[in-house]
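All chains should be modelled from the sequences, with the hints used to inform the complete structure.
In the order they appear, the protein sequences are chains W and G.
Just so we're aligned, residue 104 is where the first sequence starts under this note's numbering, counting upward by one.
Just so we're aligned, residue 293 is where the second sequence starts under this note's numbering, counting upward by one.
It cannot be assumed that every hint is accurate.
[As the list claims (entries may be wrong)] For lysine-lysine, the following DSBU-like pairs were computed, each having C-alpha atoms within a straight-line distance of at most 30 angstroms:
| hint | chain 1 | residue 1 | chain 2 | residue 2 |
| --- | --- | --- | --- | --- |
| 1 | W | K196 | G | K384 |
| 2 | W | K411 | G | K320 |
| 3 | W | K411 | W | K344 |
| 4 | W | K212 | G | K384 |
Bear in mind the hints are in silico, worked out from the structure with no lab data behind them.
All values derive from a computational prediction rather than experimental measurement.
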Amino acid sequence: MSIFDLTIAGAAKKLAAKEISAVELTTAYNEAVAALNPRLNAYITTTPDLALEQAKAADTRIAAGEATALTGIPIAMKDLFCTEGVRTTAASKILEPFIPPYESTVSAKLKAAGAVMLGKANLDEFAMGSSNITSGYGPVENPWKRVSDPDAKLVPGGSSGGSAAAVAARIALAATGTDTGGSIRQPAAFTGLAGIKPTYGRCSRWGIVAFASSLDQAGPMARNVEDCAILLNAMAGFDEKDSTSAQREVPDFTQALNRGVKGLRIGIPAEYRLEGTNPEILALWDKGIEWLKAQGAEIVDISLPHTKYGLAVYYIVAPAEASSNLARYDGVRFGKRVDGVDLIDMYERTRAAGFGAEVKRRIMIGTYVLSHGYYDAYYLKAQKVRNLILRDFTNAFAKVDAILTPTAPSAAFGLGEKMDDPVTMYLNDVFTVPASLAGVPAMSIPAGLNAEGLPLGLQVIGKHFDEETVFAVSAAIENAAGFSALPELRAK
Amino acid sequence: MSLDAATVRRIARLARIRVDDTEVETLKSELNAILGYVEQLGEVNVDGVEPLSGGAQMALRQREDFVSDGEVAERILANAPDRVQNFFAVPKVVE
Numbered sequence: 104m105s106i107f108d109l110t111i112a113g114a115a116k117k118l119a120a121k122e123i124s125a126v127e128l129t130t131a132y133n134e135a136v137a138a139l140n141p142r143l144n145a146y147i148t149t150t151p152d153l154a155l156e157q158a159k160a161a162d163t164r165i166a167a168g169e170a171t172a173l174t175g176i177p178i179a180m181k182d183l184f185c186t187e188g189v190r191t192t193a194a195s196k197i198l199e200p201f202i203p204p205y206e207s208t209v210s211a212k213l214k215a216a217g218a219v220m221l222g223k224a225n226l227d228e229f230a231m232g233s234s235n236i237t238s239g240y241g242p243v244e245n246p247w248k249r250v251s252d253p254d255a256k257l258v259p260g261g262s263s264g265g266s267a268a269a270v271a272a273r274i275a276l277a278a279t280g281t282d283t284g285g286s287i288r289q290p291a292a293f294t295g296l297a298g299i300k301p302t303y304g305r306c307s308r309w310g311i312v313a314f315a316s317s318l319d320q321a322g323p324m325a326r327n328v329e330d331c332a333i334l335l336n337a338m339a340g341f342d343e344k345d346s347t348s349a350q351r352e353v354p355d356f357t358q359a360l361n362r363g364v365k366g367l368r369i370g371i372p373a374e375y376r377l378e379g380t381n382p383e384i385l386a387l388w389d390k391g392i393e394w395l396k397a398q399g400a401e402i403v404d405i406s407l408p409h410t411k412y413g414l415a416v417y418y419i420v421a422p423a424e425a426s427s428n429l430a431r432y433d434g435v436r437f438g439k440r441v442d443g444v445d446l447i448d449m450y451e452r453t454r455a456a457g458f459g460a461e462v463k464r465r466i467m468i469g470t471y472v473l474s475h476g477y478y479d480a481y482y483l484k485a486q487k488v489r490n491l492i493l494r495d496f497t498n499a500f501a502k503v504d505a506i507l508t509p510t511a512p513s514a515a516f517g518l519g520e521k522m523d524d525p526v527t528m529y530l531n532d533v534f535t536v537p538a539s540l541a542g543v544p545a546m547s548i549p550a551g552l553n554a555e556g557l558p559l560g561l562q563v564i565g566k567h568f569d570e571e572t573v574f575a576v577s578a579a580i581e582n583a584a585g586f587s588a589l590p591e592l593r594a595k
Numbered sequence: 293m294s295l296d297a298a299t300v301r302r303i304a305r306l307a308r309i310r311v312d313d314t315e316v317e318t319l320k321s322e323l324n325a326i327l328g329y330v331e332q333l334g335e336v337n338v339d340g341v342e343p344l345s346g347g348a349q350m351a352l353r354q355r356e357d358f359v360s361d362g363e364v365a366e367r368i369l370a371n372a373p374d375r376v377q378n379f380f381a382v383p384k385v386v387e
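Below you can see the structure in the form of C-alpha cells.
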C-alpha cells in the first residue's frame, strides 16, 4: 500500500500510531505536487516550504497528544480563500499581485485544526465557470481519460476544478471548494470524488473572494464521504464576521455516516428526467434508487415544478450580485492597475485588462439586469421565481427526508468542447443550481463509470441544516456503489 | 428584447469596462444569447409571490455599533498600486 492510498481517516490513524510522521506525509505530497502539477496545472501557487513548516508543527502537536482529526493532513486550498501572506488570485489577472493581510475564517479553522496547506488550487476566474477554462492562469487537466481516446485532455469541471484534479490525481489528500451553482458538486462528479455544498450559512463566507453572496458556500472535496464529514466538522460554524452565518450548533457529521437509510423517504423528482439526458446517467440514477430501496429506504415520486427555470434565475441573480461585488476591482486599493488619462479611464482600462471574457460577460449582464428600466423585468422577476423554487423544495421536504438526482448531465468533456456559446456551458449546472438557489445542502458521490471509463456522480439533496441525513444517504450510496476506480494519471 | 451595439457600449460604460469596437459585436451576440435564454421566465406566473433576495433562512443579524478592528493602515496599504503617505493615490480628479 502506498502512502497516497491513505484517506484522511486512515492517515490520521497512522499519524496517531506514529507509523508515519506528518513531515513524511507532507514531503511525499510536496514531491508529488512538484512532479505532476506542471502537467495538471491544478495549483496556481504551491507552498511546499510553508507546508513543511506546518507539518513539523503538526508532528510536535501529535507528540504532545493534542492532535485533531486533521492535524498533519495535507490539503489544497481553493485560491478563492484569502490566506494571510500567501498570494490569493481568484484565478484572475486583476488579483495577480494580491497578498491578503488576513486569513479567511474557513482556512483559519483548518489551520487551527492543524491541516497542512500544499498550495492554492486553480479555479475558474472568480469561480465563474463549469470547466476551469476561464482561469487567468491556464486550464486544469482532468487526470481521468477516455478509454477510446486516452490522449484527449478533459476538463475537471468547475469552478473548483483545481481542487478536484488535485485530489483525484492524489497531489492533495483533500481540498476546499466553494459552490455557487454547482462548483463543488459538478467537479467532484467529473473526477470521481465526494463533495458537499453545505446549507447556505453553515460555513462562514468571510475572507472568501465574493462572487454571488446570496449563493456562495464553502465545502470540502475528498476521496470519500467520511473524509468530507471530517473536513466539514472543522470548516463549519458561526462567525460574527459574516452577516449571513448561521448561529447553530455544528453536529459531529461523522456520527451520521452509519445511520443507514432504513425508513428514510427518498424523493425522486420527475423534472430531473430531462429529455436528451445521457441514458448512462439515467441508468445510474435508477441504480441509485435500487441501492437505497435495498437498504430499506422508501422511494417517493415527487415534483419540483420550477426546476426548468433554475438556470435562468441563476444567470440573472448570480451576475447581478457579481456585478456589484466585482465593482471593488478598480485599481485603487489592491490588485492590478492600468494607468489612464483620468480616473474613469484608469478604471476602464484596469478592468478591461484584468478581467477575462467570461467575467466581463457576467458583469455586463448583471449591470444590465440591475439597470434602470430593466430591474423589475429581470432581477425582481428572477427573485420571485427563486422563491417559487424554494417553495418547491419546502413542499417536497414535507413528504421526503432527502432527494436523489444525478449531479451533472454528462461526464467530463474535452477541453474546447461546449464552447459554441455561453449558454451551452451554463447547461452543465442544470441539476445543481436549484439546490443553490434554495440554500439547501447537497452532496455529490461517485457512483459509477460510463462506457468511456469516466466517473459519474449522484447528488443527494437535504433539508436546510440537515447535512446529517445527506451524509447518511450519501454513505449508503457509497457503500452500495463500491466505487474504487482510479485515474491512471496520479501519484502512486 | 435584443441589445444593439449602442446599448452594449452603454452597459460597458456603466460597468466601467473599456471595450474596443471589435469586441462590441461579439459581446452583443453573447449577451443576447444569455438574455434570450432567460426570457423563458416570462412564462412563469409570479402574482402574489414575494421576491427572495437571500439564501439564508433568517433575518439579518444586527450588532452593537462600535469599532472592533482597525489601526492596520500599513497592512492595508501594502497592496496599494500607488500610495502617498497613508493614502491611496489616484490620478487627479479635480482640475
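Verification of the supplied hints:
1. W:K196 <-> G:K384: holds, 26 angstroms
2. W:K411 <-> G:K320: holds, 25 angstroms
3. W:K411 <-> W:K344: Violated: K411 of chain W and K344 of chain W sit about 35 angstroms apart, past 30 angstroms.
4. W:K212 <-> G:K384: Violated, because 43 angstroms separates the two Cα atoms, which is more than 30 angstroms.
The structure fails hints 3 and 4 (numbered hints given earlier, in ascending order).
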